[in-house]
Amino acid sequence: MSAAWSRAAWLLVAVGLVGGTALDELATEPPERRGPWTVLEADLHVHTRFSDGLLSPLGVVAQARRRDLDVIAVTEHNQVLPALLARWFAELWGGPIVLVGQEVTTRDWHVHALGVEQRIAWDQPLDALVDDIHAKGGLAIGAHPFGRFKDSLRTVRGSLDGVELMHPIAFAGAGGPRWSDMLDFYREAVADGFALTPVGTSDYHLASILGILRTLIFVDEVSAGGVLRALAEGRTVVHTLDGVPYGDPALIALLEQEPYPLAEQDYGYVGSGPADRWLRTLGWVGLVGLVLTRRFTPLWRRRGARPAPLSDSLDSR
Amino acid sequence: MTARGDGRTEGNATSSPRARTWSDEAEALVRPRAVWRRLGEQPPAPSGWTMARRPLLLLLVLAGFVSFTSAGRLTAVHFVGTFVFWSFVPLTQILAIAAVRALWAPRWRLSQAVDVLMVGQGPWLVLLLAVSAVCLFAPDVYAAFVWLVTTRVLPVALVAVVMWSLWLTWAACRHGFQLSAGRATAAAGLYYAVYGGVIVGYYLATGQLQAVLTVPR
Numbered sequence: 001m002s003a004a005w006s007r008a009a010w011l012l013v014a015v016g017l018v019g020g021t022a023l024d025e026l027a028t029e030p031p032e033r034r035g036p037w038t039v040l041e042a043d044l045h046v047h048t049r050f051s052d053g054l055l056s057p058l059g060v061v062a063q064a065r066r067r068d069l070d071v072i073a074v075t076e077h078n079q080v081l082p083a084l085l086a087r088w089f090a091e092l093w094g095g096p097i098v099l100v101g102q103e104v105t106t107r108d109w110h111v112h113a114l115g116v117e118q119r120i121a122w123d124q125p126l127d128a129l130v131d132d133i134h135a136k137g138g139l140a141i142g143a144h145p146f147g148r149f150k151d152s153l154r155t156v157r158g159s160l161d162g163v164e165l166m167h168p169i170a171f172a173g174a175g176g177p178r179w180s181d182m183l184d185f186y187r188e189a190v191a192d193g194f195a196l197t198p199v200g201t202s203d204y205h206l207a208s209i210l211g212i213l214r215t216l217i218f219v220d221e222v223s224a225g226g227v228l229r230a231l232a233e234g235r236t237v238v239h240t241l242d243g244v245p246y247g248d249p250a251l252i253a254l255l256e257q258e259p260y261p262l263a264e265q266d267y268g269y270v271g272s273g274p275a276d277r278w279l280r281t282l283g284w285v286g287l288v289g290l291v292l293t294r295r296f297t298p299l300w301r302r303r304g305a306r307p308a309p310l311s312d313s314l315d316s317r
Numbered sequence: 318m319t320a321r322g323d324g325r326t327e328g329n330a331t332s333s334p335r336a337r338t339w340s341d342e343a344e345a346l347v348r349p350r351a352v353w354r355r356l357g358e359q360p361p362a363p364s365g366w367t368m369a370r371r372p373l374l375l376l377l378v379l380a381g382f383v384s385f386t387s388a389g390r391l392t393a394v395h396f397v398g399t400f401v402f403w404s405f406v407p408l409t410q411i412l413a414i415a416a417v418r419a420l421w422a423p424r425w426r427l428s429q430a431v432d433v434l435m436v437g438q439g440p441w442l443v444l445l446l447a448v449s450a451v452c453l454f455a456p457d458v459y460a461a462f463v464w465l466v467t468t469r470v471l472p473v474a475l476v477a478v479v480m481w482s483l484w485l486t487w488a489a490c491r492h493g494f495q496l497s498a499g500r501a502t503a504a505a506g507l508y509y510a511v512y513g514g515v516i517v518g519y520y521l522a523t524g525q526l527q528a529v530l531t532v533p534r
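Residue numbers (our numbering), protein chains in the order written: chain A, 1 to 317; chain B, 318 to 534.
Source of the hints: derived by calculation from the structure; they are not laboratory data. All values reported here derive from a predicted model rather than from experimental measurement. Some clues are possibly wrong.
Claimed, not checked - Cβ-to-Cβ under 7 Å is the rule here; a few derived chain B residues that face chain A:
#: 1; residue: Arg348
#: 2; residue: Ala369
#: 3; residue: Gly381
#: 4; residue: Gly389
#: 5; residue: Val394
#: 6; residue: Phe402
#: 7; residue: Cys452
#: 8; residue: Val458
As the list claims (entries may be wrong) - Chain B stretches covered by chain A per the calculated footprint, using a threshold of three residues with CB under 8 Å from any CB of chain A:
#: 9; region: 436-450
#: 10; region: 476-482
Cβ coordinates follow ideal geometry from the N, Cα and C atoms, glycine included.
Just need the whole structure built from these sequences, with the hints factored in.
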């Protein structure tokens with residue numbers, strides 16, 4: 001009887017997996033145009049299992065397709081190998097544009113190096129770090145400038161190419177890190193004459209929320225080079241949670257003439273129909289069954305399997 | 318005493334295997350001493366399958382967790398990604414078990430030691446499936462997780478799972494390997510030292526850990 005439960009559990013997992021894979025919507029919609037530009041939706045702050053994220057480089061590429069993102073930047077803490085892997089998967093699979101990046105991380109500042117092909121040393125002063133990123137052909141984006149990060153990044157805002165303006169801490173309530181710090185950082189920089197490109201990111205580590213906050217990038221060419229050029233030239237628009245746009249005034253004016261449909265800030269777990277809801281429920285029940293019920297030995301292991309004395313098993317080394 | 322190898326199910330051949338419905342992992346959650354005494358007296362027959370089956374179960378549940386929490390359903394792409402990029406977890410566990418076996422259970426084959434010690438992964442499997450269930454069945458996932466965190470249900474559950482796992486690892490060494498209480502404590506300590514040491518070593522080698530502790534001048 002127990003083996004029958006176990007076989008049923010395996011069957012449920014198999015049905016859930018095959019059905020779930022068949023129903024998984026990974027096709028992205030073609031980007032829209034505004035004026036002379038193609039508008040790409042980007043999440044420029046993504047982590048993988050190589051640091052403190054949950055998904056593999058392959059997984060983040062799939063998740064980006066699932067969430068209808070045109071561009072992601074894989075920005076692991078102090079390494080670029082995962083980003084190179086993700087780019088390889090995306091090229092192999094026809095995924096989104098993957099910018100190779102690194103979140104250069106220290107205690108007091110985090111800086112994104114976008115468009116670099118080799119690792120940037122983290123153990124150098126902040127101004128030297130930004131110069132190093134530029135010397136290696138990358139863009140330097142200040143990451144989540146709140147609290148102590150804000151104070152550090154203010155010292156180099158003249159040499160940064162951009163800064164995170166939207167970040168999931170915008171969803172946080174009172175008592176946590178303050179998103180208003182980030183908004184102030186950007187507003188003060190603009191008021192003081194610094195041309196910082198605003199970006200919005202999900203700082204993605206796990207779950208379904210990749211792209212829950214996005215950057216609209218206005219490119220003249222749909223390629224990694226085109227994206228980096230647009231970021232360097234400040235061709236982005238970022239929306240706050242209440243829909244206020246920040247970025248190039250000319251591009252904001254374009255969006256006012258022809259509004260752009262913003263992606264929903266949802267968790268995306270709603271099933272795509274009764275079949276989807278049943279299949280995932282069956283898959284979950286199957287996994288629970290596999291953990292709880294006594295498992296049978298596969299057929300290929302049964303042939304010749306006979307009880308053997310413990311001493312035989314222990315002494316036959 | 319006989320090695321298991323009834324050729325049909327996990328469990329042992331002589332204690333009425335057909336009478337038991339629950340897996341070793343599930344039984345160990347509620348009756349750890351009895352389960353590991355049984356396994357200690359009648360360990361599984363050594364084989365490649367014995368070595369692989371519990372690490373594969375861990376990866377399978379982990380793949381389900383990754384898939385449910387990311388896509389909201391089981392998908393092949395997350396299964397492949399998890400089996401490749403999360404394999405370091407069971408591999409590191411096997412390394413830690415090999416160290417324990419070398420010092421305190423040299424008469425056990427490695428495959429037997431892995432099988433017996435990894436029976437204690439039940440708390441983690443339950444937590445992964447519970448969090449997956451929230452993603453699948455909560456009407457408002459965001460609100461559910463906010464509630465679980467602000468009421469400290471999730472943090473307390475995490476701490477409970479860690480403590481429970483520590484206890485089960487000790488129980489596996491004590492009753493499975495039949496060590497004295499002191500040696501079981503040392504064995505469990507070595508297990509987590511090797512396991513944690515490899516993980517910390519990775520973060521040090523890739524410049525992630527020391528970087529968040531220091532500020533370059």
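Each hint, compared with the structure:
1. The restraint placing B/Arg348 at the interface with chain A is violated, with a minimum CB-CB distance near 14 Å, outside the 7 Å limit.
2. Of the supplied interface hints, the one on B/Ala369 is violated, with its beta-carbon coming no nearer than about 10 Å to a beta-carbon of chain A, more than 7 Å.
3. For B/Gly381, the suggested interface contact is upheld, since its CB lies about 5 Å from the closest CB of chain A, less than 7 Å.
4. Hint status for B/Gly389: holds, given a least beta-carbon distance of 4 Å to chain A, under 7 Å.
5. The closest approach between the C-beta of B/Val394 and any C-beta of chain A is roughly 4 Å, which is under the 7 Å cut-off, so the hint is satisfied.
6. Evaluation of the B/Phe402 hint against chain A yields a held restraint, the C-beta minimum of about 4 Å falling below 7 Å.
7. Restraint check, B/Cys452 versus chain A: the minimum CB separation of about 6 Å is within 7 Å; hint holds.
8. Interface hint status for B/Val458: upheld, as the beta-carbon distance to the closest one in chain A is roughly 5 Å, under 7 Å.
9. Using a Cβ-Cβ cut-off of 8 Å, 6 residues of the region 436-450 of chain B lie near chain A, which meets the minimum of three, so the contact claim holds.
10. For the region 476-482 of chain B, the stated coverage by chain A is violated: 0 residues have a C-beta nearer than 8 Å to a C-beta of that chain, whereas at least 3 were required.
Checked against the numbered hints given earlier, this structure breaks hints 1, 2 and 10; the rest are met.
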